[in-house]
Amino acid sequence: MTRLFLRTSATLFGALALLSPVLAQQASQAPATAQEVDSLRTEVAQLKEQVKALQEKLDLLMATSPTPAPAAPGVPSQPPTGAPPPEGAPPPEAPPVSPTPVPASTTSTQTSNYFNPSISVIGNFLAAGGSNDTAPLPAASLSESEVAFQAVVDPYARADFFFSYAEKGVEVEEGFATFTALPWGLLSKVGRMRVSFGKVNTLHLHVLPWPDEPLPIVDLLGNEDGWIATGVSFSKVIPLGNVYSELILQAFDGHADGLFDAPERSDLSYNGQYRIFTDLTESTNLDLGYSYALGPNGITDSSDTRLENFYTVFRWKPLRTATYRSFILRGEYLRSHKDEAVGSVRSDGWFASADYQMAKRWWVGGRYEVSELPDDSTLEDSGEAATLTFFPSEFLEFRGMYRRRHYFNDDIANEFLLQIQFAIGAHGAHPF
Amino acid sequence: MKKAFASLLVLLVALVGSAPALAKVHIVSTLQDFASISQSIGGDLVEADSLAKGYQDPHFVDAKPSFILKLSKADLLLAAGLELEIGYLPPLIDQSRNTKIHPGSPGYLDMSVGCDILERPTTQVTRAMGDVHPYGNPHYWTDPNNGRVIARAIAGKLSELDPPNRATYEKNLAAFEAKLAEKDKEWLAKMAPYANAKVITFHRSWPNFAKHFQLDVVGEIEPKPGIPPSPTHTLEIINLINSQKIKVIMVEPYFDLKTPKYMAEKTGATVVTAYPSVGGLPEIKDYFTLFDHDIDELVKALKGGGQ
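Those protein sequences? They're chains A and H, same order as listed. Under this note's numbering, the first residue of the first sequence is numbered 97, with each subsequent residue one higher. Under this note's numbering, the first residue of the second sequence is numbered 2, with each subsequent residue one higher.
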């Protein structure tokens, strides 16, 4: 009954919110009066006369001047307006006060590319050495190449697609439309997306400060990629004075690899997050969030898995030397309540990490992680790791990680991971 | 807990009331320079705020959620354009829930339009050239002539958004332009004795400034835009300074002074911390004091007195 209420509410609310801009636009189109119609008729008649006069002038010109040779295909007939002025030329005259400055025109060959999405590719090479009998990585792999296509759809929405090309195949890591023009300050995403459960789960692998996902994400969210799901998301910013706070409510299909399994199509999974961000000082800020999620786990017809997450991120970055020195402290606590055939299993996990930027291109970091297994909370994985990262530029990254993990089966893995990431294509936003 | 979800959904619906209309035009700019100029034009009729600080590298500004709050209330967003803000502004605009300031909407103003933009690439650009801007050098506001274009664009936009106060905006614009013309004469006179003086800069932030004040930028400390100085390039610049008897090394406030100071030690040149934006120092409180400060420091160094 509760699920039925949630489903109906989410559907009605979503449909209303998505349709409202269109309905508002239609409502504003009032029927024209007879006076307006007469005025328009007169205007059309005047315009027809002007067109006729211009056509006559054009015909006369065509008859008296030689026909110009056609321009070569793809070659602009005029120099591009973006070319610099000749050396010594006077500076262009400043334009008069204009209500709306008009962008410079461009050549026809460029206009065909105007509406193409921004494209970028991020390669992720991972090499591993040392011992690990429980979750061994290959000696070398192109573990993931992310191909992104991003563009504005129309005045109401934008679209973002992220395809993950691994050596095994291709997956849609994310593919969603974001409705940016909704009423009441709402923002909605529809499609496949990384679920807003905690902080790290929302981030793509290439923006994490590690080459791997922390153990609680892997163990309690079911797989190496975290929780990715298909459905709808609504969020609303609720300012608390100068403090940013945001409420996110999401409803998804009831399947998620290793986490949820819906016996019926109507069994959905849900997630909610409340987040607060505040600037403590000009150089420091704090990000806190609580997430709660539930969905069917498929063990019985009515069994659920319920998840909780509390995260915190503290950042220090003096603005004047922001590109040389900074520090980030992260921590997340996860809890899973998994209904079994008899009773429920409660498992906890958490990780904490610290990353310090010691020079413009160098970062050093450490991480501790521990997680009980969701099916048996008496079994536990834990680990420690240290990282050293070098960024030759914004688009290239070398990271070394020493990782020691103590698995539930008493296997102790000592590994060295080398990650090399390289990005080509459109300049994306810097991760925050 | 399922009931809690239902309650949250109801809460979300209850929170969807819209904000009341505000009397002043709320302006948010990416750079403090545009906020300062818009405050001069708008006076008491506007409230102007900026995202980046004047002493911050404008290429690397964090997309902090607190900026979403500022943008959500804005009637007008002033952006430098030319992809200077590509690393942080697009996601902030999307999340602002404020369609008034989306690119293409009346509340979005690209300040580069109409300005004299230098260093537009004429050949294929690749990132082998460093962090190049394919639409031209985005540090164009360091030319007072462009400042005038920016002021006119802001006055035009404010008149469009707030027509009843058009006369005030035009009056304030006239006053701004008159003061700028007067100050520009003063700045040009101060710099005139040093026409065509050769200088080194840290980053390619100064082509518009150099063009207006007739400085000759003969080299940068960065081997390529955005790439930190290498030992080889540092030696090349030291040789350049010695061979061409260059007196001044201009460094933006957000770059490490270690390499410039090393170069100065080896050559006798003077390191001048040149501020590209309003707010870089407490005394640089508007567009006029920005040039007052930079010109005075440069003149002092070019005279040979150092700073």
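In case anyone wonders, no lab produced these hints; they're calculated from the structure. There's no promise every hint is true.
[Unchecked claim] Okay, derived cross-link-like pairs now, DSBU-like style, lysine-lysine, Cα gap no bigger than 35 Å in a straight line:
id, chain 1, residue 1, chain 2, residue 2
1, A, Lys413, H, Lys186
2, H, Lys191, H, Lys65
3, H, Lys71, A, Lys413
4, H, Lys25, H, Lys184
5, H, Lys191, H, Lys180
6, H, Lys186, H, Lys172
7, H, Lys172, H, Lys225
8, A, Lys332, H, Lys71
9, H, Lys172, A, Lys456
10, H, Lys262, A, Lys456
11, H, Lys180, A, Lys456
12, H, Lys225, H, Lys65
13, H, Lys65, A, Lys456
14, H, Lys186, H, Lys101
15, A, Lys332, H, Lys65
16, H, Lys172, H, Lys267
17, H, Lys191, H, Lys101
18, H, Lys304, A, Lys295
19, A, Lys456, H, Lys212
20, H, Lys186, H, Lys212
21, H, Lys172, A, Lys413
query = Which hints from the list above does the structure break, by number from lowest to highest?
reply = Numbers 1, 2, 7, 9, 11, 14, 16, 17, 18 and 21, in rising order.
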